[in-house]
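Student: Protein chains in written order, with this note's numbering: chain A, 5 to 505; chain B, 5 to 505.
Since the hints were made in silico from the structure, they are not lab data. Don't take every hint at face value.
[Said to hold, decoys possible] Label-pair restraints from in silico Cβ distances: (1) Ala91/A x Arg189/B: 30 to 36 Å; (2) Leu51/B x Arg237/A: 58 to 64 Å; (3) Ala464/B x Asp147/A: 47 to 53 Å.
[Claimed, not checked] Residues of chain B placed beyond 12 Å of chain A at every Cβ, according to the derived structure: (4) Tyr19; (5) Pro222; (6) Ile225; (7) Gly353.
Glycine included, every Cβ here is placed at the ideal spot set by N, Cα and C.
There are 2 protein chains.
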Amino acid sequence: MHTLADPLRHAARNYAGSPATICGDVRLNFRELTARCRRLGGALQGLGLKTGDRIAILAANSHQYIETYMTVPAAGYVVVPLNTRHAEAELAYALEDSGTKILLTDVDPGGLADIVERVIRIPDDYEALLGEAEEIELGTEIDEQSLAGLFYTGGTTGASKGVMLSHRNLIANSHNWTAFAQPRRDDIKTVMAPLFHAAGSNSVIASIWSGGVQMIIPQFIPAQILDLIEKERATQMLGVPIMIAALAEEQHANPRDVSSVRFVAHGGSPITTEVVRRAIAAFPGAEFAHLYGATETGPLITGLHHEERIPHSDLLRSCGQPLPGIAIRIVDREGNEIAAGEVGEVEIGGPNIMQGYWNKPEQTAAALQGGWYLSGDLGYVDDNNYLFLMDRAKDMIITGAENVYCTEVEEVLHKHPAVLQAAVFGIPDKKWGEAVHAAIQLRHPTEAEELIAFCHEHIAGYKVPKGIDFWDKPLPLSGPGKILKRELRKPYWAEEGKQIS
Amino acid sequence: MHTLADPLRHAARNYAGSPATICGDVRLNFRELTARCRRLGGALQGLGLKTGDRIAILAANSHQYIETYMTVPAAGYVVVPLNTRHAEAELAYALEDSGTKILLTDVDPGGLADIVERVIRIPDDYEALLGEAEEIELGTEIDEQSLAGLFYTGGTTGASKGVMLSHRNLIANSHNWTAFAQPRRDDIKTVMAPLFHAAGSNSVIASIWSGGVQMIIPQFIPAQILDLIEKERATQMLGVPIMIAALAEEQHANPRDVSSVRFVAHGGSPITTEVVRRAIAAFPGAEFAHLYGATETGPLITGLHHEERIPHSDLLRSCGQPLPGIAIRIVDREGNEIAAGEVGEVEIGGPNIMQGYWNKPEQTAAALQGGWYLSGDLGYVDDNNYLFLMDRAKDMIITGAENVYCTEVEEVLHKHPAVLQAAVFGIPDKKWGEAVHAAIQLRHPTEAEELIAFCHEHIAGYKVPKGIDFWDKPLPLSGPGKILKRELRKPYWAEEGKQIS
């Protein structure tokens, strides 16, 4: 019957003098961090809120973010972490949809200030509030079924939905992370993925419960992060593939002593074998792991351990087995489970599954059926229940009568030594309906013909890109660091007069 | 919302071809083990039982025991593991008190057969039943709040109470074990503590969930166990102190290759620093850990990691900090929490706390108060929440006006090179009320005077034993391997005409 108040209480009692967070020049031990949380709880209580009220945060990673993320739910309210890369209209939608009363932010809120009752600027207003506040006991107003957070998916399609995660959902995810990543008291974790995303905040609870240090990265600058890893002797990192790739490139270009790093996990979007290979070479002392998750599942679903040990295996294309505590099954269009090897929709079960979408009973009913979450992702499992994701269903290209899974083509493009980044998507084609197209950032110069010929050597002709756009800068990213294929597709489909969601 | 059916289902899907149990000549992989569990469920269903009926097991450790332990609750019934060292009258009490319908046993049940509706002998009847049975889906009749097991405490005092542990209690304990011991898929665990005791079955669920191997020891014979550890390259073991001590003695006398052992945990009763020292020397590649638990808490409460790194620290006398997921507090006689350093009763909170004592509402109300379990154990915590148990309250000696905690005296006696086993207890004394007395098995000859003089060098005079009984064989043990002080005391108190409970 745990709530987010329990890891805070546990840390205050058991790890008081141990380091908790490193954030720029600010170092807090667990006595200080948990006392600040109890004071933040007191400050919020003093603002006339009632149990279950929503409090949003729009900010870069910081120790104040961690405090807010833990304390708002522990004090009986609901935290709404907002995506800093969303446009003001999207943010306004999330604030209005959730009925948020208070916005904590480290940026000028602009028109968002008019939607909420009060804006608390980080760090100045925030620190002033804490300075005046009394410590309160956390966890008294809630139980494990209480709503802890609303996580607006944003994502790259559709209207943003508020994913309702209860205390129990987040605690279950913490157990899943603990079983998989085995956090230790002497771990120093690099917190570089944005905390507003479920993947970024994935291990916050487990870090506090296990007494490890969170080394918080406000802004993703590879050289600075590697300097910090060397200086603080960081042991763990979790990021999206594009972050892991950038750190590996920087480490190859300007090597630091990264021998302290024992665990590197990535997730959030598919990774190519080439990026894995270069990352393993960059962090030779680390165990590598691939994670697959979704906001709706708190987020962890599957994990693939020890990628460094399976470089020539088909398993490297898998995102692993469901973590202990999680069940998956592959179903056909009628929702019946299908055999190993057959492609269908991935469904997920476990105590980590969301309570639903905020104010969206129809979408909730469509996504949660018979205790399972219908992910919308396509994949298959092998005989040992290793999951292979083909691609997001909505991202698959249908060209002629053939299905092309974008990741397969991207995988091949990344094998070419000149390719740094590649994204594959469909564009309108009079003959085929859709044609396979690629956007590529090069590591060194080459021609489109060379890349297309390279593809023909590795995959069937209908899968080979018919055209390539070369980018002289990184491809555009969504908040959680996924390549924004919507942006890449837009110019092509706009001419067709089609609405792209 | 997990039940014991979930780890079985997870293992069947994810670890099917991997080894699950080694038990004499029988090796089962997870496909075979979980199929046997589903068939056992089918067999039990065919016997006309209804959901919630009790099924007892009285047997040495075996793969059938593991199957029964998991399947009876997963199929909707309640497992009652019986202590093989209890007298027939005690066993009869447990069967009658629980209303058990079926007894599974590997011994002649004698008069116990008349109490139950049916006896199933292991292995013959059991295997015959499985041979005829259909596999069923497990977990359909229950939820996480369903009663999973009744664990009769027996213990060394009082009438035996049936501790009610729900599925959720056991799953919570599995999470606690996972956070502490970090089981891995490549672990091979030596299952040597009796499975009828909560300590013995402590890691069964976590082993199945993580995909590790359970190497099952039916009978505790140190030389055979060390041979097996060497042969199978076992990595983990969990035992009571007397087992760890016996394995260490055997390893010092006849060394095997035990380099595969990475984790040695002990609990169930206090351990002396000398036993720890000799065990560390015997298993130099292992991390050592001390666990404190109680049947009523599922059983884990606290853990002390890395004893091998703290040989000269006061912490070695501690049983560690509460595991993540567990809260402890020390209270005075009025139930108010007291400060660090002060001795009081240990109370425990968490989702692992039992539902109560079967059919004993008064004892339940006395033991469970405000969400806390009142352990009856005396101890204090230091400033970092490390728990120091003084002794079982009921085992403390009051001599004159002074309290003597038996473990402190035993600790000193064990430091003497001639002492192999020592137990300290109170006997009637006209002058002091009680006098401190010791029972000792020697490693090599010495005199009582020598040992008493040795004690005087280390502890206050009132704590020094006034008399010593020398034993030429091991001291008598209770089922879970605790020294039976009741037996040692009996002759002294019988003369007094006192009733010893």
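Student: So, for every hint listed, does it hold in this structure?
Tutor: These are the hints, each one checked on the structure:
| no. | hint | result |
| --- | --- | --- |
| 1 | Ala91/A x Arg189/B: 30 to 36 Å | violated, 45 Å |
| 2 | Leu51/B x Arg237/A: 58 to 64 Å | holds, 60 Å |
| 3 | Ala464/B x Asp147/A: 47 to 53 Å | holds, 49 Å |
| 4 | Tyr19 | violated, 8 Å |
| 5 | Pro222 | holds, 28 Å |
| 6 | Ile225 | holds, 33 Å |
| 7 | Gly353 | violated, 9 Å |
In this structure, the hints that do not hold are numbers 1, 4 and 7, in rising order.
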